[in-house]
Structures are given as structure tokens and as C-alpha cells.
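K.L.:
Protein chains in written order, with this note's numbering: chain A, 24 to 346; chain B, 83 to 516.
To be clear, the hints were calculated from the coordinates, so they are not data collected in a lab. One or more of the hints may lead you astray.
[As the list claims (entries may be wrong)] Distance condition first, Cα-Cα at most 27 angstroms in a straight line; then the derived DSS-like pairs of lysine-lysine:
id	chain 1	residue 1	chain 2	residue 2
1	B	Lys424	B	Lys441
2	B	Lys507	A	Lys332
3	B	Lys182	B	Lys219
4	B	Lys219	B	Lys491
5	B	Lys441	B	Lys425
6	B	Lys507	A	Lys201
7	B	Lys440	B	Lys167
8	A	Lys201	B	Lys516
9	B	Lys168	B	Lys269
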Amino acid sequence: MQLTYLEAIRQGIWEEMDRDPSVFCLGEDIGIYGGAFKVTDGFIDRFGPERVIDTPIAESAIVGAAFGASLTGMRPVAEFQFMDFIGCAFNQISNMVAKTHYLWGAPAPLVLRGPSGGYVHGGPFHSQNPEMWFVHNPGLKVICPATPYDAKGLIKAAIRDNNPCIFFEHKYLYRRIKGEVPAEDYIVPIGKANIVREGSDLSIITYAAMVHTALEAAEVLKNDGIDLEILDLRTVSPLDREAIAQTVKKTNKVIILHEHSRTGGLAGEIAAIINEEAFDDLDGPIVRIAGLDSAIPFSPPQEEHYLPKVEDVVREARRLKAY
Amino acid sequence: MAIKKKTSKSSPNGNRRHNGASQSKSTATDLRTYTIPDMRLEHPDLSVRPAIEKDKDGAEHVRYEVTGNLNAPVPPILDSKYLDKKQCIEIYRYMLLNRKMEVALENLYKQGKVVGGVYFGLGQEACSCASAYALDKDDWFAPMIRNQGSLLVRGFRASDTMMQYMAKADSPTHGRDGTSHFGDIEKRNMVSPISMLGDLIPVLSGVALGARLQGRNIAVMTYIGDGGQSTGVTYEGINFAAVQNLGLVLFVESNEWAYSTPSEMQYRCKDLAERAIGYGIPGVIVDGTDACQVYDAARDAVERAHRGEGPTLIEAKMMRMKGHAIHDAAAYVPKPMFDFWKKRDPIARFENYLVKEKKWLTAKENAELISEVERVIEAEREIAVNSPMPTPESAEGGVFCEDGCHDIKPKYGLPKVKKGTAGYKQTEAAGHLK
Chain A
24 MQLTYLEAIR
34 QGIWEEMDRD
44 PSVFCLGEDI
54 GIYGGAFKVT
64 DGFIDRFGPE
74 RVIDTPIAES
84 AIVGAAFGAS
94 LTGMRPVAEF
104 QFMDFIGCAF
114 NQISNMVAKT
124 HYLWGAPAPL
134 VLRGPSGGYV
144 HGGPFHSQNP
154 EMWFVHNPGL
164 KVICPATPYD
174 AKGLIKAAIR
184 DNNPCIFFEH
194 KYLYRRIKGE
204 VPAEDYIVPI
214 GKANIVREGS
224 DLSIITYAAM
234 VHTALEAAEV
244 LKNDGIDLEI
254 LDLRTVSPLD
264 REAIAQTVKK
274 TNKVIILHEH
284 SRTGGLAGEI
294 AAIINEEAFD
304 DLDGPIVRIA
314 GLDSAIPFSP
324 PQEEHYLPKV
334 EDVVREARRL
344 KAY
Chain B
83 MAIKKKTSKS
93 SPNGNRRHNG
103 ASQSKSTATD
113 LRTYTIPDMR
123 LEHPDLSVRP
133 AIEKDKDGAE
143 HVRYEVTGNL
153 NAPVPPILDS
163 KYLDKKQCIE
173 IYRYMLLNRK
183 MEVALENLYK
193 QGKVVGGVYF
203 GLGQEACSCA
213 SAYALDKDDW
223 FAPMIRNQGS
233 LLVRGFRASD
243 TMMQYMAKAD
253 SPTHGRDGTS
263 HFGDIEKRNM
273 VSPISMLGDL
283 IPVLSGVALG
293 ARLQGRNIAV
303 MTYIGDGGQS
313 TGVTYEGINF
323 AAVQNLGLVL
333 FVESNEWAYS
343 TPSEMQYRCK
353 DLAERAIGYG
363 IPGVIVDGTD
373 ACQVYDAARD
383 AVERAHRGEG
393 PTLIEAKMMR
403 MKGHAIHDAA
413 AYVPKPMFDF
423 WKKRDPIARF
433 ENYLVKEKKW
443 LTAKENAELI
453 SEVERVIEAE
463 REIAVNSPMP
473 TPESAEGGVF
483 CEDGCHDIKP
493 KYGLPKVKKG
503 TAGYKQTEAA
513 GHLK
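Only chain B is shown next, with the shape it has when bound in the complex (with noise of 0.2 angstroms):
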């Protein structure tokens, strides 16, 4: 990021002038011009409001219509600055695993072996996967509703996700919680989603917290979309990261639609990333369908949050190619909308970069690994499918850690501490109220 320079400079708790965000050549100090970084090669136009349309018999109905231009071409894809061939090659295989193992999802719904719905990550394979390739293993993330191919990328299986959507014995929450809600504190460095927006980015930054008092400095990252950062919570989570100057690598995922509300309902604002001014943090922009920004981004990011140097804020912009949900067939959304980024669809631009660009795999090569992905999700579909229900009685137990169910202690090693010399002795202070 063009910011990086500037922000390396500043103080621990954040270069109030600068602010993160890099500023224009302007002399005149208290003149605030903000700039935000932005990787993208295109910058569509498109805009979404209601409009009334008539239907054959003359009744008005409002529906939301699509302007701008969606006819733009399809931009290339961006040279990474760091991705090597095999690092592409694997994160493209995380892509198609993400969209193999949401189409076995969408299978085992229609045979009706899911409980609940199903949540589809379908043209935000990129920004999933290439963001947590970015972390390193120690490291922590919290993924949202469709980030599953980020749950690959971390180590977790195929089947994992299969398993807590079945709501078998043997999903990670032994059939307590369904999608993507779990986590891992041991190995993986994962906490568990919540249902309700933002709540994660607060907790996330509390990682970060408790790993410094450990004596390191750790990247966590999460993601929150255009309608999740509505809520106050995203706000005191960002604050507080700030303030703290916390490695929290925050994603935010434009992806126009929050169930059925277009984006422009829920922010005024041109870009989110520009929330970052507001929080004096370093905020940039990427093409959220385009693998090798996501990764540049995530890992310059990463890279702060590792020397100490606060909280980044990455807006990734794309569209939610389904509805909220399975039951959903996102009919509200205009079709020249789906038109236009279907174009953009992540995987095929990977794949026509790696294979006709760079030339990085051959056609049959290509083929083989897109056929080797498919046995993969065939077995975890199998491995799933075999797993039994849990049993009534699993319901019970388990509220509290007791019995020595866990031995907790600090995960990177004692605190160093400094004490003063300051000795106890009882405060004669006044209270706030007698």
C-alpha cells in the first residue's frame, strides 16, 4: 500500500496528522485531504434504486433498477507483488474447492440432508480464500456467514463445514451450532461466528490484545459486509483496534446486497473504505474478484499488524451471485446486475490468467486438478453424509468448563511483566457517588 511508508513512522498509537491514510501534497497542515488507496483496474458505476414498473395488467409494483454503464469490459487481473506460480496455483484450488464443496451443499439440500438453509459464498470465492492464504500460522481469523473457503484455506476440511450444516455427531460443534460457526483455539487459531454483525471485530481484537501481553505481535483478521457494518459494535471494534493500535486486518465485504437491501441503503458514503479516515487507520481498496489484490492487500496488511503497526481496513468490492440464503432467489436483485458481474466471476479469471496469461498450467493440467478437487469433495460429501445425528441426550452439559475440561494458560507464553514500586496500600480517593 502507497500508505505504508508514511504510517511505519508513526507513533504507537497512530500519526494523528497523517492519520494512516495518505494525504495530498498540500503545505497547509491543517488542510485534511485524504486520498485512499485503490488496486482496482476498473471502477464500475452501477447504481441501484427503486423504481415503479408496471406489470401486463397496468398494476404499479416497485422494484429496484440497475444505471451505469454494464456494458464496461472485463478488466485483467493484477500481477501480484508477491504471489509466486505455486501460490497462485494453490489459491486457485482453494477457490474451486470453496465452490465444489457450496455446489455438494446446494446437492445435499435439494436431497434434503441439510437442516436449516444453506449460505452461498458463490463470486467471493477470491476474497475468501485469498485473505487467509495472506495470514501466517499463528495468526487468527474469524470467518462470517460466506467466508467457508477461508475455512479451508486454514486447514479445517471440506467435510467439517458439510458435517455442521447436517448437524451431525461429528461436526465441530457436535451438532450444537450449523454453518460456519465454530472455531478452534488450539490449532487453528479460529473463533466461532455469531449470528449478529460485527460482534466478531471486537473479540478479534482482543486476540490481538492478549497475544501482546504474551509479548507478540499477531494479525487478526475478519470480515464484516456492507450491511454488517452498520452496526455500532463495527464501530467500537475498529475504535478500539485503533487506539490500541491492535493487528486487526479487517475485511470489509461490499458485496452490494445485504439480504435483500441494496448497498446504497445502507451508507452514504462513496466507498467504506473511506470509514478508515475516520478511524485514523490506513484504508485501501480492491476488486474483491480479482485473487492476487485480495492477497496484496491482506498481506501488506498482515505485514503492520506483525511489526506492531495498528489496524488496516480493506474494502473488497464484488456481488453476491446468490440470495441471503438457499430459500432466497434474490428476485429483487435487477438480472443486468447478475449479467454484469457474472462476467467477473472470480475463478474463471483465475482461471484464464493462470492458464491463458500466464501460462502457469496447461489445459490438461488444469482439467486434472479441477477433477482431482472433485474427488476431494465426493469423499468429504461421503465422510459427511456417514456421520450419525447426535444422540437427544448431547444436548446436555457442556455450559460451563469444569472437571478440568481445560487447562488454560497464556497460548504464546507467560507475560513478562514490569512492577513498580509502587506497594499497595488503601485508596482515600473520593467515589462518584456515596
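One chain only, chain A, in its complex shape (with noise of 0.2 angstroms):
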């Protein structure tokens, strides 16, 4: 079945319900109007005002309220209306959920998901990827589909783990992909990375709306000759380093591309991962495609300018490849 990202997701967290009573969804208008961006639409139709509750708008609240129904066993899934929003809940998140395990052994099986990433001009606190906050905290489980299919069989997975999963979708793939989604029962296992497009040349780490850009940049580039590798990393916490290694050990060149700002970003953390357990593969620089070091700017041309581009990748692969 040809679904889009949005709908994949959707039906990920239907079936979810549907197979487990302790599933239920939280979240600022989530029920009768469906969500800002319709993940929820006709669940409460379906699984009552019980099971999808409309919050105030209080984000602290809601996470916190979501694990504490979690200790009692519960499978909550909490929406943010913009992943840019996740900032009023971090030190529930951050201090409370993630450390819950490791401090004092109680398992915190929780979902918070939302809509992130820009390309869709909407400004400064409706477009970031706030990813990065939350890998710098042990604990959690972050995910990035980039795909339908993993997009649906990563939301099964995150709403069966027993850990506290922050599932990042990117808004300006809702409607814009679509994709073969097996009808059957699946999932996608956390922390494993995809080589989406295998190549002989050079390699570009990436996830999320990137691995578009860089499918679009590989079919400019193999017009010149050279042949990209692409992996999809999936999950961003935790990275997958051995997918991470070899396919640096099979082309020996290797660009990191996110939306996020450069500095403190995943490509850092990356680099120092093949420094780690693939250096003597390298055969040129690793090389950091990235967000600017600002905030995202609204109006187009500089959002533009703001964000990576097949453009970009294109440019630093010829480089790359001529190094």
C-alpha cells in the first residue's frame, strides 16, 4: 500500500491502539480537531476522549503526566504540536525521564512525538530540529525517520520499547513522500541504520528530509561519475557505529549531512565515531554539511540560505571526491 509519511505514522499509532489497551495518546488538540497537523484525526472516534486527551497547553504537564501513567505500566504516546515546543518540557525530560532508570530502576515506556524541521518557512519556533538536546541526554531513544516504511515500523517500535523514546517527524516529508507499507504487522528495530542507496565513492551520513536532499544530489552527481553511498542513520541515539564504520571502511570518503546548526551538531559526534573505529579508512577529510549557527529565519530566500541543499551537497561531493 502507497502511503504518505504522515499516514504512516497515523496508522503506526492506530494499530498501536488498537493491539494494546495500554496505548493512549496526550496532547494539545489531539482529539475532536485531530492535531495541527492531523496524526490524530477520527482517533477519538475511534478509541474515545479516554485515550486521546486533549491537554492544556502545558507541556511539562504533559510529559510529566504521561510518565507518571507510564510507571503505572501504561504505553503513553505524547504529541508536541511542534517538536520547538519540546524546550518547555526539558527539564521534565531531561532530569526526570531520562534518569529514571539508571537512578532508581523504574522503566519510563513512553512515546513523545511531533512534527520538526524546516523547509516549510515556518519560522523561527515552528522549524527547528531539536534532536541534538535530547542525544546529549543517557536515557532516551531518539528517532528520525526519513521514510514511511521506517516511519511506521519506528513508531510500532518506540510505543513497544520500555524506554523513553522521542520520535522527531519531519513535517516537510508529511505529505510530500509516499511509500510502499506492507499491510502486515512490522517494525523497524531502534538504533540501526539503512544504506538507502549503496556506492562506490563516497558516503553521506544522514537522516531525516536529508536523505532526500542527498538522493537528489546522487543522481546529479552520477552525471559526473561519481557514485554515492547514502545511510540513513534512523535513530540518532542510539548511533549505529558499526553501520557508521563500515561503510566508511568501503568508500573511505564521507560527508555528515543535517539540518540542524553545525556547531554541537551530530556531525561532530559522528566524526569522532570513524576517528574511533575507522581513521586508517579515511582517505580525505570528513567533511560537515549543516544548518548555519543561527536561529531559522522565516522569510524564504533566507530560510534558503539557512538550510542544506542539493546544492551543497553536490558542490562538497565534487570536492570531496577530486581530494
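Hints given; two lone chains; assemble the complex.
P.N.:
Encoded structure:
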């Protein structure tokens, strides 16, 4: 079945709620309205207001309540209207939820999910990719799918996981991409990267919307005789160290591509992993392509300048190939 | 509480007109004149403000000074509506255990056996012990740093807390955290506190939500200080419990000082119980040094929670009788204020009530009880001291629940869900951004 990225997530949560009575949803405007992006559209008719809960505009309360319910063995799925607002609940996530299993041995099987990412002119507070705030928090799993298949398989895996998972849905992809999604039940394992394009000349390590940017760039570069390998991380914490090392060992040249700001970004961590796992295999410098070190500006020409583009990948790939 | 009858008639989301707090007899329904029930037998009028004080060299210093009737007589203990002789003596014993455990901790600190500081609940034992005593077995709670007595009431051992302070391998967190920062979701239904204030309030509300989805109305009790209630998450958590009608029993422990800042600099309203009016939930004031008042208010709130009638805010007025932690001599507290509250010591008052007023304990029985508690604490101290320190390597692992370390299932039974007839179909509604 061909599904949009949004529909794949929606179907994944719906099926989990149908399958497991301990799964419930809470968040702002997710009930009769169906959520700002309609991920829970129609859920309240099927599952009722007890399991599809409209909350006050209070992100710390949403996370706190989800955590509390998880301690009683429920599996809450909490929606952030935009992931930019997850900062409002930072203490609850970082100090309460993330540390709970390590400190006092209580599992917290909850999912915090919502739309992130730019390319839709959402402005500085509706376009961010705040995943790195949580990658630096041991105890959280951070998931950023790029395809409908992965989005459905990973949201189901996150709901079934016994740990707190933060699930970043790229809003640019919501209705722009479609993909084949099997009718039968399946999950995609958390923490496993995926080669989405095999190649021999150099590797792009990326995730979420940037996977599609890299795929477009690969088509352009094919005409130059440059054969890109693209590794989709799918999960940014924990990182698939083995898959990162393998692709570097295969192509010996690597570009790390992400949408969020460069400084303190995921590329730095991946570069360090390559340094630890595959230093001797490198035939060129590790290249970073990332967002600017600023807020994401609103006006389309400015936003376009801030965010990585296909041309950036093409340019850097040509430069690295020639190195 | 006087408000009980009104709230029991209210809609599941609270009766907006009466809003829990009792209303005056005014016939004008749009006139909002609320009152907050106050169980106290005295209303201390002490006020703290900065004043200039000259030292012997004539140099000026800013110091807090206290004004008000510092010589007011100590009120009697209010007879409980619910507690019998046996229960009163049991609460009294927990209060003694609480205090003597903290004396032992102070000594362990002086002997260099404690890692970090020690936090005390001196002067607050009635509030910690009588509140937790009002919970039923299936109810949940989460203490704050000064509620070490609550832990004893809920079945933890004094050695658990002692080992936490000494960072021992056998402590409930195996050395990973200290103080009252531990929990137990299996037997004693306790959520571990974190150091940040107010975050437990939405969490406990969520515990009640989880239980309700499993078909149970439980009470979830936690605490916040007059300092901690200033945080935004406190508002978010109480408001969430209010709109969802969850069985939160929130003790606001007004103990006059937030570290070194007097309550006058934390909030502007007269009593923090007034906040309940804004949340649309019942609020009540009790004397936090009177175990019977604390218990009665807590029990009323717990029973409301069990009936599915929603949250209650209980403000307990008392005084923190030591510094913020053991390092802090509390020199900023005007001495007459300590003198005033020392006369209201919760244990001395309850002892007097049980031995002299009620004659439920003879002097001999009381002395025996005290020495029994001392023997228990000494034995617990021995256990704690003899526990080894954790190995360095035990810092590793356990970040995630994996490899079958927990079998997660609904605690009160699988939720019974009703499903609508609407089947799955793809959404065609417009999203917020294209």
C-alpha cells in the first residue's frame, strides 16, 4: 500500500492503540480537532476521549503526566504540536524521565512525538530540529525517520519499547513523500541504520529529510561519474556505530549531512566515531554540511540560505572526490 | 472539610460556580466571594522583612527582623475526627522515628560518614508522618527532601535513607543518588523525587491518570514548599490534575523559609491555600505542627480522590527549624522566630496530648516507646554503616531497560477499552503548515 509519511505514522499509532489497551495519546488539540497536522485525526471517534486526551497548553504537565502514567504500566504517546515546544518540558525530560531507570530502576515506556524540521517557512519557532538537546541526554532514544516504511515501523517499535523514546517527524515529509508500506504488522528496530543507496565513491551519512536531499544529489552526481553511498541513520541515539564504520571502510570518504546548526551538531559526534572506528580507512577529510549557527530565519530566501541544499551536497561531493 | 458536600455534587470536571472552595451566602451568583477552610486553632501573625542593623562599630548591615505577637500562647492539639488511640500512638511513633533517624544522620555526618550534606525535617515531622499515614496501600506518593518521615510510614526502613546519605552499595539506588531520592513502583508505590521543585506534581497526576485508565481511582500524594510552589511546573501540574479531575493530594508545606529567602519574598497572597481558588479545586489550611489536623485534612482529600472527585490542595503552616541543609546555620532567621516555633514543636505537643491530655500513654509507656525507637534507629544505623561502598564499575549499566530487566504491564489490570464503530480511513484534513 502506498502511504504518505504522515499516514504511515498515523496508521502505526492507530494499530498500536487497537492492539494494546495500555497505549493512549495525550497532547494539545489531538482530540476532535485531530492534531495540528492531523496525525490523530479520527482517533477520538474510535478510541474515545479517555484514550485521546486534549491537554492544557502545558508541555511540562504533558510529559510529567505521560511519565507518571508509564510508571503504572501504561504506554503513553504524547504529542508536541511542534517539536520546538519540547524545550518547555526540558527539565521534565532531562532530569525526570531520562534518569529514572539508571537512578532508581523504574522503566518509563513512553513516546514523545511531534513535527520538526524546516523547508516549510515555519519561522524560528516552528522549524527547529532539536534532537541534539536529547542526544546528549543518556537514557533517551531519539528517532528521526526518513521514509513512510521506517516511520511506521519505528513508531510501533517506539511504542513497544520499554524506554522513553523521542520521535521526530519531519513535517516537510509529512505529505510530500509516499512509499510502500506493507499491510501486515512489522517493526523497524531502533538503533539500526540503513543503506538507502549503495555506492562506491563516497558516503553521505544523514537522516530524516536530508536523506531525500542526498538522494537527489546522487542523481546529479551520477552524471559526473560519482557514485554516492547514502547511510540513513534512522535513529540518532543510540547511533549505529557499526554501520557508520562499515560505510567509511567501504568508500573511504565521508560527508555528514544534517539540518540543524553545525556547532555541537551530530556531525561532530559521528566524526569522532569515525576517528575511533575507521581512522585508517579515511582517504580525505570528514566533511560537514549543516544548518548555519543561527536561529532558522522566516523569510523563504533566508531560510533557503540557512538550510542545506542539493547544490551544497553536489559541490562538497565533487570537492571531496577530487581530494 | 466544609466543602465536601458541595464538591461531591459537582460535574466530573468540577463545578465551575462553586469551584470547590466554599462560597459565601450571597445570592448574587456572579459575585465571587470565596473562603478557604482553616482548621487551625491559632493564626500566627508573624511578619519578616529586611531591616538595617548597626554592628558595634557602627557599620550598617541588612538583616531580617520579625514582627508580630511572638508571645502568643501555644494552642492545644485539635481532636481528630478519625484517629483512634492506637492510630495516634502509631503516628507519634513514626514522628519519633523520623526525628531520631535525623539525629543519627547528623551524628553520622559529624563522624564523616555522610557523603554530601544532610537535609532535616525538624519541626515538620507531623506533616510528613500524619499525611502519609492517611494513604491506603494502593495509593501513591512522592516525598520532597524534608519528608523523610513519610518514607518510614510507607514501609521503608531508616537504614534505606541512611545508606542513601552514605552512598552505600545497598542503598535503594545502590549509590547512584542520595537523600530521599529513591522510589519503588512495585510495592510501596513511591516515585523518586528529583532536586528540581514542582516536577513531581504532574508526574503524580499522571500516576492517577494511569490508574484511572485501568479502572481505579487512587490518591496520589506529594509535597511542595512555599519556595517550590513558585515554579511554573507547579501550576502546570495542579491545573492538569484539576481539569482531568485526578486524585492529587498536594501538601503545600509553608515552612517560612526557602533556603534563606522568607516566604514574603516568594508570593504575595495571604495564604498559599488561596491558590486553590484559582485552580478551581478545594483548598484548606492546617497547622502543620498538629498531627491530627494534618491527618484529618489528608484523609478527607484521600477519600475525595478515591471517590473520583479530583485534587485537593492542603496548606500546612509550620517552620523549618534548621538551615536548608546541615552546612547552613540559618543565621539569617531572626532568633525570636525560632523561639516562637520551638514552643510549637510537633513531637512535644503530640507527646503532651497523648500523655497528659488524653492519658493514652502513661509516662512509663512513653519512656518505653522512646527507648524502643532509639534501639530501632541504632540497629538501623549499624546496618547502614556496615554496608560496603559500591564498586567503581557499578557506575556503568542500567541506563536503559533492556534484556528483559522489567516485565511491564498495567499495575491495576489491563484497561477495559470501549472502541467506537469508526474504522480506520486515511485523513484528508488540512495540516498546520504545508
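K.L.:
Hint by hint, say whether it matches the structure.
P.N.:
How the hints compare with the structure:
1. Lys424(B) x Lys441(B): Holds. Lys424(B) to Lys441(B) sits at ~23 angstroms (cutoff 27 angstroms).
2. Lys507(B) x Lys332(A): Status violated; Cα separation ~35 angstroms.
3. Lys182(B) x Lys219(B): Given that 27 angstroms is the threshold and the Cα spacing comes to 25 angstroms, the pair holds.
4. Lys219(B) x Lys491(B): 19 angstroms, holds
5. Lys441(B) x Lys425(B): Between Lys441(B) and Lys425(B) the Cα gap is close to 21 angstroms, so the pair holds against 27 angstroms.
6. Lys507(B) x Lys201(A): 16 angstroms, holds
7. Lys440(B) x Lys167(B): Given pair Lys440(B), Lys167(B) holds - Cα atoms ~9 angstroms apart, limit 27 angstroms.
8. Lys201(A) x Lys516(B): It holds: about 15 angstroms lies between the C-alpha atoms, which stays within 27 angstroms.
9. Lys168(B) x Lys269(B): 25 angstroms, holds
In this structure, only the earlier hint numbered 2 is contradicted, and the remaining ones agree with it.
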